[in-house]
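Engineer: Model the full assembly from the supplied sequences, consistent with the hints where possible.
For reference, the chains in residue letters:
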Amino acid sequence: MIELDFALRRGEFATRVNVTLNDRVTGVFGPSGAGKTTLLGTLAGLVKPDAGRLVLNGECLLDTERGIDLPLYKRRIGMVFQDSRLFPHLTVSRNLEYGYHRLTRGQRRFSLAQIVELLELGALLLQKPHQLSGGQRQRVALGRALLSSPRLLLLDEPMASLDVRLKMQILPFMQRVRDEIDIPMLYVSHAIDEVLQLTSRMLVLEQGHVIGYGDFVDVMRDTQVLALARSLGMENVLQVELLSHHPAEGYSVAQLSTQRLFIPLSAGGVGERITISTAASNIALAREPVSGISIQNQLPGTLGQMRQVDHRMLVDVVLDANTLVAEVSAKAIQDLALSPGMKVHALIKTQALHLYGQVL
Amino acid sequence: MSILQLTPEEMAALWLSAKVALFCTLLILIPGVLLGWVLARKRFFGKALLDSVVHLPLVLPPVVPGFLLLLLFGNQGVLGKWLQEAFGISIAFTWMGAVVASAIMALPLMVRSARLAVSQVDRGLELAAQSLGAHPVRVFFSITLPLALPGILTGMVLAFSRSLGEFGATITFVGNIEGETRTLPLAIYTYTQIPGGDVPALRLVVLSLLLAFAALYFSNVMEQRALRRVGSGDDRA
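The listed protein sequences correspond, in order, to chains Y and X.
Note that this note's numbering has the first sequence beginning at 1, numbered continuously upward.
Note that this note's numbering has the second sequence beginning at 361, numbered continuously upward.
This list has only true hints and no planted wrong ones.
So the derived list for chain Y, only partly shown, Cβ under 8 Å to chain X, looks like this:
hint: 1; residue: A44
hint: 2; residue: L46
hint: 3; residue: L72
hint: 4; residue: Y73
hint: 5; residue: R76
hint: 6; residue: I77
hint: 7; residue: G78
hint: 8; residue: M79
hint: 9; residue: F81
hint: 10; residue: D83
hint: 11; residue: R85
hint: 12; residue: F87
hint: 13; residue: R102
hint: 14; residue: R144
hint: 15; residue: S148
Label pairs and their computed distance ranges (CB to CB):
hint: 16; chain 1: Y; residue 1: R66; chain 2: X; residue 2: E445; range: 48 to 58 Å
hint: 17; chain 1: X; residue 1: L410; chain 2: Y; residue 2: V217; range: 54 to 64 Å
hint: 18; chain 1: X; residue 1: L394; chain 2: Y; residue 2: S32; range: 35 to 45 Å
hint: 19; chain 1: X; residue 1: L394; chain 2: Y; residue 2: H101; range: 19 to 29 Å
Don't read these hints as lab results, they were simulated from the structure.
A virtual CB, placed ideally from N, CA and C, is assigned to each residue, including glycine.
Structural biologist: In structure tokens, the structure reads:
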């Protein structure tokens, strides 16, 4: 359990965070400048907040009122940075041993051999960092952090500097660490796809404030998060179950509670639950079912709440177990005489649905 | 006697110069690196003043620090008296005094190189090392120092060469005593002041050039080696 409560102001940037994290793996997500790196830095001890309290598993790391501020090197919080930060003058094995050597046998949670095997580093041990590829470097950095037996692992955009191919190569290792290593992790990224491959538990930051914490699908529906979700085209995040694949036609069929949904061809197995999203502006409304149209998905529902967010009208379409958010113009509301409680059909093009956890 | 044969006096000047320059470099190595590190990494009250004081010898006429040293370390000077009474040593008009004089003159070069070298070490690496549980002192010795080594070596060569060429502060502080404080530049100067001294002066000039080249070459080799260690080459040693 991580209790965070701190405030910090640096010129124009101000942040105020008060949240208790309970998950083993938490994604920290938000646009750049939201305070993600400040949050990690504060936890690690790189950044000094103006006031606050940090408690990690019952141990106080920082309490400005009581004058407690554990220095960086005593916090035992491992970090993996975007730029790996391997020590260029040391071989891979000396890099891995850097924190490990210092620990007593009792403090070591893993053996060197264990981590080398887990992250498949055996062939790299004698090389220097400049001889490694970006993905290999991140694997070494991950191993080095784990070997220092941290109480918490902070991953600060560890895949941001890698191309898609390298991301695909390192992702399985991240997932392995998540599944086999019992250390709580905070995974920071501005790429939601990446975070979702590791966890659905999400802390959403914007302009220095926590605007949501919980399961991704729920958090994205939160009114506070809606503006951010809109800017990312993610007002509608849904979980569906894959029913069948049709590779020749390039689509899959998925079940959304009782309704069928045509989605782009998925790589997931039949029966698997996947997350999909679409922007509110991708959803059109019709009062009657429409025939002679290319749009495959026509979901019957009932109009719910109508609200204005950033000069746009967002209306809820209540399906049997889910709610969609559709963006319509004020003129359309007049022309169709839309009002809450009315029966409508939500029209969504297959290709307007984005799949997560499939490709990066 | 061949024109290339050095006289005993010339040999003495050569060895004295080498000895003074070597001791000077060793004397300022640790304070120079520490000052460079402090100036590169720390913020404190009076930093600008410290910076100026360290660099003062670069912009002063060398005779000024020489004279100040004489006031301080002379037999009547505060430090000179204390050294004499406490340890029975007098450094004025000795080769040790020549070491001190050239150390003062060479220190800013050492500090500048070390400062540049340390400031080019990625602060992120030091923080990463600390996040792995290493105390800042250990981080300094295991990360900062090895990575700054090429620049520090450059500083050492600059200091060595500066010491070889030291003239003004040396002659003011320790005089021009043959076999004791008459280093190469002082010997050259002495020969130019006597009739028929041009040939030995020229010999010593050539010698000075060779020494300077050797120092630069050595520094280049060492620097290349150090750079290879941090990853600009591909040795696996």
